[in-house]
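**Q** What follows is the residue order along each chain.
Number of protein chains: 2
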Amino acid sequence: MSDTHLHVDGARVLADLHALRSIGAYKTGVHKPTFSDAHMRSLEWLAQRLPEAGLMAAIDGIGNVIGTSMKSGPKLLAGSHLESQNFAGWLDGPLGVVYALEAARVINPDPNVNGSVEVAAWCDEEGHFGHFLGSRSYVGDLAETDIDAAKDRNSGRTMREALREVGLEGRPRAIAERGRHIGYIEAHIEQGETLESAGLSVGIVTSIVGIWQYRITFSGEQNHAGTTRMAVRKDAGLALARFCVAIDDRFPRACGPRTVWTTGRITLDPGAPSIIPGRAEMLFQIRDDDTGVIERLENLLRSMAAEVSAQSRCSVTVELLRTGAPAVMDTTFQHAIEAASCARAGGRSIRMPSGAGHDAQVLATIMPAGMMFVPSIGGVSHHWTENTGDADIVTGAEVFVDACWRLLVP
Amino acid sequence: MSDTHLHVDGARVLADLHALRSIGAYKTGVHKPTFSDAHMRSLEWLAQRLPEAGLMAAIDGIGNVIGTSMKSGPKLLAGSHLESQNFAGWLDGPLGVVYALEAARVINPDPNVNGSVEVAAWCDEEGHFGHFLGSRSYVGDLAETDIDAAKDRNSGRTMREALREVGLEGRPRAIAERGRHIGYIEAHIEQGETLESAGLSVGIVTSIVGIWQYRITFSGEQNHAGTTRMAVRKDAGLALARFCVAIDDRFPRACGPRTVWTTGRITLDPGAPSIIPGRAEMLFQIRDDDTGVIERLENLLRSMAAEVSAQSRCSVTVELLRTGAPAVMDTTFQHAIEAASCARAGGRSIRMPSGAGHDAQVLATIMPAGMMFVPSIGGVSHHWTENTGDADIVTGAEVFVDACWRLLVP
Numbered sequence: 000m001s002d003t004h005l006h007v008d009g010a011r012v013l014a015d016l017h018a019l020r021s022i023g024a025y026k027t028g029v030h031k032p033t034f035s036d037a038h039m040r041s042l043e044w045l046a047q048r049l050p051e052a053g054l055m056a057a058i059d060g061i062g063n064v065i066g067t068s069m070k071s072g073p074k075l076l077a078g079s080h081l082e083s084q085n086f087a088g089w090l091d092g093p094l095g096v097v098y099a100l101e102a103a104r105v106i107n108p109d110p111n112v113n114g115s116v117e118v119a120a121w122c123d124e125e126g127h128f129g130h131f132l133g134s135r136s137y138v139g140d141l142a143e144t145d146i147d148a149a150k151d152r153n154s155g156r157t158m159r160e161a162l163r164e165v166g167l168e169g170r171p172r173a174i175a176e177r178g179r180h181i182g183y184i185e186a187h188i189e190q191g192e193t194l195e196s197a198g199l200s201v202g203i204v205t206s207i208v209g210i211w212q213y214r215i216t217f218s219g220e221q222n223h224a225g226t227t228r229m230a231v232r233k234d235a236g237l238a239l240a241r242f243c244v245a246i247d248d249r250f251p252r253a254c255g256p257r258t259v260w261t262t263g264r265i266t267l268d269p270g271a272p273s274i275i276p277g278r279a280e281m282l283f284q285i286r287d288d289d290t291g292v293i294e295r296l297e298n299l300l301r302s303m304a305a306e307v308s309a310q311s312r313c314s315v316t317v318e319l320l321r322t323g324a325p326a327v328m329d330t331t332f333q334h335a336i337e338a339a340s341c342a343r344a345g346g347r348s349i350r351m352p353s354g355a356g357h358d359a360q361v362l363a364t365i366m367p368a369g370m371m372f373v374p375s376i377g378g379v380s381h382h383w384t385e386n387t388g389d390a391d392i393v394t395g396a397e398v399f400v401d402a403c404w405r406l407l408v409p
Numbered sequence: 000m001s002d003t004h005l006h007v008d009g010a011r012v013l014a015d016l017h018a019l020r021s022i023g024a025y026k027t028g029v030h031k032p033t034f035s036d037a038h039m040r041s042l043e044w045l046a047q048r049l050p051e052a053g054l055m056a057a058i059d060g061i062g063n064v065i066g067t068s069m070k071s072g073p074k075l076l077a078g079s080h081l082e083s084q085n086f087a088g089w090l091d092g093p094l095g096v097v098y099a100l101e102a103a104r105v106i107n108p109d110p111n112v113n114g115s116v117e118v119a120a121w122c123d124e125e126g127h128f129g130h131f132l133g134s135r136s137y138v139g140d141l142a143e144t145d146i147d148a149a150k151d152r153n154s155g156r157t158m159r160e161a162l163r164e165v166g167l168e169g170r171p172r173a174i175a176e177r178g179r180h181i182g183y184i185e186a187h188i189e190q191g192e193t194l195e196s197a198g199l200s201v202g203i204v205t206s207i208v209g210i211w212q213y214r215i216t217f218s219g220e221q222n223h224a225g226t227t228r229m230a231v232r233k234d235a236g237l238a239l240a241r242f243c244v245a246i247d248d249r250f251p252r253a254c255g256p257r258t259v260w261t262t263g264r265i266t267l268d269p270g271a272p273s274i275i276p277g278r279a280e281m282l283f284q285i286r287d288d289d290t291g292v293i294e295r296l297e298n299l300l301r302s303m304a305a306e307v308s309a310q311s312r313c314s315v316t317v318e319l320l321r322t323g324a325p326a327v328m329d330t331t332f333q334h335a336i337e338a339a340s341c342a343r344a345g346g347r348s349i350r351m352p353s354g355a356g357h358d359a360q361v362l363a364t365i366m367p368a369g370m371m372f373v374p375s376i377g378g379v380s381h382h383w384t385e386n387t388g389d390a391d392i393v394t395g396a397e398v399f400v401d402a403c404w405r406l407l408v409p
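Protein sequence lines correspond, in order, to chains C and W.
Counting from 1, position 15 in the first sequence corresponds to residue 14 in numbering that gives the first Met the number 0; the numbering is continuous, with no gaps.
Counting from 1, position 188 in the second sequence corresponds to residue 187 in numbering that gives the first Met the number 0; the numbering is continuous, with no gaps.
Honestly, the hints are just simulated from the structure, not real lab data.
Keep in mind that a hint or two might mislead.
[What the hints assert, rightly or not] Which residues of chain C face chain W? A few of them, derived with a C-beta cut under 8 Å, are:
(1) Q190
(2) Q212
(3) I274
(4) I275
Note that the structure is predicted; figures quoted are calculated from it, not measured.
For every residue, glycine included, the Cβ atom is placed at its ideal position computed from N, Cα and C.
Put together the whole structure using the sequences plus the hints.
**A** The structure is reproduced here in structure tokens:
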């Protein structure tokens, strides 16, 4: 069933997204690091819009914007974030916030709906100061000491200094009232090309993958690159290169259908052109929504490392730096998005895991959560050329508002 | 024929080396960067010793110490350097200088020898400010503008500032008087383990290898490490790792018997754990004393790069950063060292190329040149644990002085 009387205003959605794009514009994208002037002006912009949706707006002590409804009945929380990566895209974050705002504007005044949509913009999803600090604060998973320790990864400015400078020092932090919400829903650009390449309009997120991160260190022997014969070298850099290639050869036979793995950084020590590296290090990451797959791959990684240590002239250690359990999206939310997609997007949807992390994984720890994706042109992400076609943005808004309505009016 | 009346004073050689070791001592090695206080005191120490060998000492405008003989007859130039790498060994440089001093002390006063040994300590062989600045100045291959541009690679202090601070500003630079010398001879620790592992005392250097250095750059596509499927990635870092492994697999079939190659530095861009590298770069070096071998390997490198660009999702460019032609050591000098080794070291010598660069390659551009090596314990180089046994040091001194004598009295 589609509630055809819901009038989603596509032009208003696009106008709002362009208004946010004009704050901190960079080429065709934006540059809005957390607590930058452009970020703060974006939060103010949202706070001024929320009353249009019958919501009371507040910016809390960690920079979350929360729009609270006074209407009776069930409440659905919806949102995303407003800061950006450095010199990045205009939709990563704002799309989900504007969809949530539109859902609230359409649904909350509707006298036929016994319930309302509340809107949130979570601070620092992009991780300038930490990992999901805003949403973690809201679910009660962020201590004052975590804030004390947080620093801007680029400037080194502490979070305390930043909060003071933007005028949020001393404000209380909004904490979720248990049982208030039937759940949380978030829309986001896909950041990949699954939807675009299949000609689809909507991704129904089944789970948000877990991220396992490792430091893999190779120890050999530093020596003179001119006087040390090839036969006696213990080149840690070469051992690392062979390991990368071995991973690429062996992981495909052990991974799941959507597992991804990445070596994002390599460091050779001492890193001089005339010195054989005595030590080499790689940052390695595996993502999957199945912890069984991750465990199998980690075992493979460790056995490969043991083989290298036993058979070659270099030794290898594998150190787990970070684990993040996958977050499963609520099936009721998946059904609602699918039904909305059938009603508003001709059913051009697919169920898929999210390879990127989102605030929804944090909210999912205390309430049912769901996510939907709209297509990304060329799958470009975290770059100012990131984009989505206007028609896809508007269709996505219609599906999102419809899904919110279905969740509130079962 | 050995001139058995030559009395090389091994105890004096060891005492001199220990005197130099005590200036700027660091653990069992030394820390004497170019123009440091410890380096300058080492130059003064040498200048004060030279008159004992009948030589007039001068420290010139670039920090070379030159001991000039007033004796008639042929003149042989001998030397090495007195600065060190940071926190490095006590013999790398000083050994050759003290051997030259000992040769001058033994030979110059000898009324039976119609000729003399002149002694030099070349400044900055270790390259704190540039490449062989002292010896290049002496052979006339260093312009004032080169000195203007030279900077300490660690502190950033300009060479002009350093020269002013140590009181050498404005002094004339000593330039080689063409035809004055029958040639140049230099002794050095091997910095490898060829001699030690074969139980030999002397390496007779046949050539000093050339160094070819390349920047190899891989271009792929930067993307999100969570949302980009393995099948569509263009991972520049992985392409680089595969290239390193391919070099290691294919170079052995194309190289010469003593070719060495090294990847000393790898950089992935942007180098973040959650981003697929769009660009990757490696510094790669090949050393050989045969330019034919180098050319063959460079052609192989370029054809491998073309294969990768044609067959994979990343493109590769190979950029030549630096070439250094090999320097062939004079055969008369090689014969003299070999005869001296037979007379003084039971013939326990081997002819070998030098994989490291030395001032002899610079002097070889204007006069015949020769080099000899003494063993390095464990082949350790450019580290404070670098060492050579006393017996090997003394034997080396005897062979060196004997070789100088043979070159002067043919």
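**Q** All hints, please: hold or fail.
**A** Consistency of the hints with the structure:
1. Q190: Hint on Q190 of chain C: holds, closest Cβ of chain W at ~4 Å, below 8 Å.
2. Q212: Holds. Min distance 6 Å.
3. I274: 6 Å, holds
4. I275: Hint holds; I275 of chain C Cβ to chain W Cβ min 6 Å, cut 8 Å.
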